[in-house]
Every structure is written in structure tokens, then in C-alpha cells.
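*Asks:* Read top to bottom, the protein sequences are chains A and B. The opening residue of the first sequence carries number 1 in this note's numbering; numbering runs sequentially from there. The opening residue of the second sequence carries number 1 in this note's numbering; numbering runs sequentially from there.
If you're looking for bench data, these hints aren't it; they were derived computationally from the structure. Just so it is clear, CB atoms sit at the ideal spot from N, CA and C, and this is done for glycine as well. There could be a bad hint or two in this list.
If you anchor each label on the Cβ, the simulated ranges turn out as follows [said to hold, decoys possible]:
no.: 1; chain 1: B; residue 1: Ser115; chain 2: A; residue 2: Asp96; range: 42 to 50 Å
no.: 2; chain 1: A; residue 1: Arg116; chain 2: B; residue 2: Arg90; range: 26 to 34 Å
no.: 3; chain 1: B; residue 1: Ala89; chain 2: A; residue 2: Asp44; range: 21 to 29 Å
no.: 4; chain 1: B; residue 1: Asp76; chain 2: A; residue 2: Ile91; range: 30 to 38 Å
no.: 5; chain 1: B; residue 1: Ser115; chain 2: A; residue 2: Arg132; range: 17 to 25 Å
no.: 6; chain 1: A; residue 1: Asp76; chain 2: B; residue 2: Gly137; range: 40 to 48 Å
no.: 7; chain 1: A; residue 1: Arg131; chain 2: B; residue 2: Arg64; range: 40 to 48 Å
no.: 8; chain 1: A; residue 1: Arg55; chain 2: B; residue 2: Ser115; range: 34 to 42 Å
no.: 9; chain 1: B; residue 1: Gly45; chain 2: A; residue 2: Arg116; range: 18 to 26 Å
no.: 10; chain 1: B; residue 1: Asp96; chain 2: A; residue 2: Arg60; range: 43 to 51 Å
no.: 11; chain 1: B; residue 1: Arg56; chain 2: A; residue 2: Asp76; range: 19 to 27 Å
no.: 12; chain 1: B; residue 1: Arg64; chain 2: A; residue 2: Arg132; range: 18 to 26 Å
So, partial list: chain B residues that the calculated Cβ filter (under 8 Å) puts toward chain A [claimed, not checked]:
no.: 13; residue: Asp15
no.: 14; residue: Ser19
no.: 15; residue: Val36
no.: 16; residue: Pro38
no.: 17; residue: Ala69
no.: 18; residue: Val73
no.: 19; residue: Pro78
no.: 20; residue: Val88
no.: 21; residue: Ala89
no.: 22; residue: Arg90
no.: 23; residue: Val103
no.: 24; residue: Thr133
Protein chains: 2
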Amino acid sequence: MTGTAQSPIPADAADLLVSTALAHVATIGPDGAPQVTPVWFDWDGRYLRFSQTTRRQKYRNLRRDPRLAVSIVDPDNPYRSLEPRGVVARIEPDPDLAFVDKVTMKDLGQERDPSRNPPGEERVVVVVEPRRTTGMG
Amino acid sequence: MTGTAQSPIPADAADLLVSTALAHVATIGPDGAPQVTPVWFDWDGRYLRFSQTTRRQKYRNLRRDPRLAVSIVDPDNPYRSLEPRGVVARIEPDPDLAFVDKVTMKDLGQERDPSRNPPGEERVVVVVEPRRTTGMG
């Protein structure tokens with residue numbers, strides 16, 4: 001698979017980024033060991049965005065080391081997957097929870113994420129710039 | 001969630017390990033950046049096993065640094081997930097492809113993985129010992 005000048009995401013795999021699939025995001029922990037958790041995400045053709053609260057380990061990991069890897073599998077074909085790798089381009093606030101509600105509605109219909117607004121935590125949008133992609137299928 | 005003396009996997013989440021879910025396995029690449037790819041896996045109550053070929057980057061990563069993290073989401077409930085972390089306990093040969101056929105049959109019925117035996121590569125079984133688990137739901 002090869003990407004375009006604008007994006008390392010292959011054109012024939014871009015549909016996976018607007019599917020209802022979850023993305024499994026891997027980061028590096030404080031001891032250098034990997035961590036991986038599922039997230040809902042959004043894709044605008046250049047950046048992949050996911051919601052996070054500022055107390056989560058993944059958020060703290062990415063503040064320390066902005067490199068991350070993402071694994072996405074086609075919900076309709078388990079042999080088809082996409083693994084973009086990249087860096088955090090920026091972290092944006094999500095004070096009115098508009099972003100987290102948008103990504104969960106994309107994937108779950110009208111349902112709101114029950115963990116959308118944990119007490120004492122702040123929701124942010126992690127904006128990821130994919131730089132390389134591997135995949136199968 | 002708390003595990004038992006024998007296993008760090010919580011009893012009420014163990015069903016996820018015998019479901020048809022894929023596991024997304026995160027490793028550390030040669031440059032220290034994370035990598036993550038989907039695999040089918042098996043669970044015997046103590047070890048999580050997945051198939052790998054010896055030319056894959058993930059295999060080479062794990063020979064260098066045996067620490068890994070796994071993300072598994074309930075196929076029937078996207079809010080329910082399990083994230084075991086651990087180390088490679090050992091790597092076993094799979095010369096007659098018995099293991100890869102077993103894990104793909106578990107998840108795909110009778111279908112054989114079309115990439116089960118790539119030319120010039122060797123199939124092995126990566127045996128993972130989970131040491132900590134986080135999760136949701």
C-alpha cells in the first residue's frame with residue numbers, strides 16, 4: 001500500500017478511517033513498556049483525532065513521548081487492517097464535550113458515552129498526524 | 001477489577017479471552033516507538049498465545065524487548081475491554097501449523113488463514129504471560 005503526497009494513508013484503505021471501527025492506540029509508558037487501549041476516533045483526511053481525559057495514562061504517556069501507533073480492523077473483514085503510526089501534532093480542549101459526543105455518535109448512533117465526563121477530569125482532543133502506514137488486505 | 005493468585009485476569013473478564021475477538025498487540029520498535037497489530041489468540045487460563053511469522057516486525061521487536069501490551073474489546077459490547085500487559089514467556093515452534101490453524105478456526109469457523117504459511121518464513125507461537133490487567137466495563 002502506498003499513500004499520497006498529502007497523506008500516508010492509502011486511498012484504498014481510507015474507508016476504514018470513516019467506518020465504525022474502534023482504533024487501538026499504542027503508546028509508551030513511563031518505564032518504556034508499551035500500553036494499548038481502544039478509542040473512538042475521527043479522520044479528516046489528514047489528522048486522526050481521538051478523545052481523552054487528562055487523567056488517563058495514555059494522555060500522560062503522549063505528553064512525555066508523542067509517538068504512537070494505531071491498529072484498526074475492518075468490522076466486516078477481519079483480514080483487512082490498517083496500522084498508521086505517527087505523532088501527536090497537538091492537543092486541543094473539548095470544554096463542551098462536542099468532540100467526544102461527535103465520535104461516539106458516529107459509532108454508536110445517538111448513544112452518549114457513559115464515561116464522557118468523569119468528575120474532576122478534563123476532556124481533550126488528541127490530534128494525530130500519521131506518518132507511516134502498514135496494513136493487510 | 002482484580003485477578004486471582006494464579007492469574008492477573010479478572011474472573012469476570014475471562015470470557016473475553018475465549019471470545020472471537022481479535023487482540024491488538026503492542027510492542028516496542030527498534031527506535032523505541034510503539035507498534036501495534038491485530039492477531040488471533042488463544043488463552044489457557046495462564047498464558048495468552050498468538051501466532052507469528054519470524055519475519056514480522058512484531059516478532060523481531062519481541063526478541064529485542066519481551067514487554068508487550070494487549071487490547072481486546074468485547075465483540076458484543078464496545079464499552080467492555082481488557083488490556084493485559086506482560087512479557088513473552090517463551091516462543092515455541094509451530095512446524096505443522098497446528099497452532100495457527102487452531103486459533104483461526106476458533107475465530108473464523110473452518111476457514112484457514114490465507115496468510116498462514118508465507119514462503120520462506122517460519123511460523124511460531126508467542127506465549128505471553130500477563131502480569132497486569134486494566135480494563136473497562
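*Asks:* How does the Cβ-Cβ distance of A:Arg131 and B:Arg64 compare with 40 to 48 Å: does it lie in that range?
*Replies:* 22 Å, violated
*Asks:* Close enough to count: is the Cβ of B:Asp15 nearer than 8 Å to one in chain A?
*Replies:* Where the cut-off is 8 Å and the nearest Cβ of chain A is about 17 Å from B:Asp15, the hint is violated.
*Asks:* Take the shortest C-beta to C-beta distance between B:Val73 and chain A; is it under 8 Å?
*Replies:* 5 Å, holds
*Asks:* Let me know if the C-beta of B:Pro38 comes in closer than 8 Å to any C-beta of chain A, holds or violated.
*Replies:* 5 Å, holds
*Asks:* Is it true that the C-beta distance of B:Gly45 to A:Arg116 lies inside 18 to 26 Å, as the hint says?
*Replies:* Taking Cβ atoms as reference, B:Gly45 and A:Arg116 lie about 35 Å apart, which means the hint is violated.
*Asks:* Tell me if B:Val36 is really an interface residue toward chain A, meaning its C-beta lies closer than 8 Å to one of theirs.
*Replies:* Nearest chain A Cβ about 4 Å off; hint holds.
*Asks:* A closest beta-carbon separation below 8 Å is what the hint needs, so does B:Ala69 meet it against chain A?
*Replies:* 5 Å, holds
*Asks:* Given B:Ala89 as an interface hint, is the shortest Cβ-Cβ distance to chain A below 8 Å?
*Replies:* With Cβ-Cβ at 16 Å, over 8 Å, it is violated.
*Asks:* Taking 21 to 29 Å as the stated bounds, is the beta-carbon spacing between B:Ala89 and A:Asp44 within them?
*Replies:* 42 Å, violated
*Asks:* Given the range 34 to 42 Å, decide if the beta-carbon distance of A:Arg55 to B:Ser115 lies inside it.
*Replies:* 40 Å, holds
*Asks:* Taking the closest Cβ pair, is B:Pro78 under 8 Å from chain A?
*Replies:* Holds, about 6 Å.
*Asks:* Does the interface hint hold: is B:Val103 within less than 8 Å of chain A, judged Cβ to Cβ?
*Replies:* Hint violated; B:Val103 Cβ to chain A Cβ min 12 Å, cut 8 Å.
Comparing the model with each earlier hint shows violations of hints 2, 3, 6, 7, 9, 13, 14, 20, 21, 22, 23, 24; every other hint is respected.
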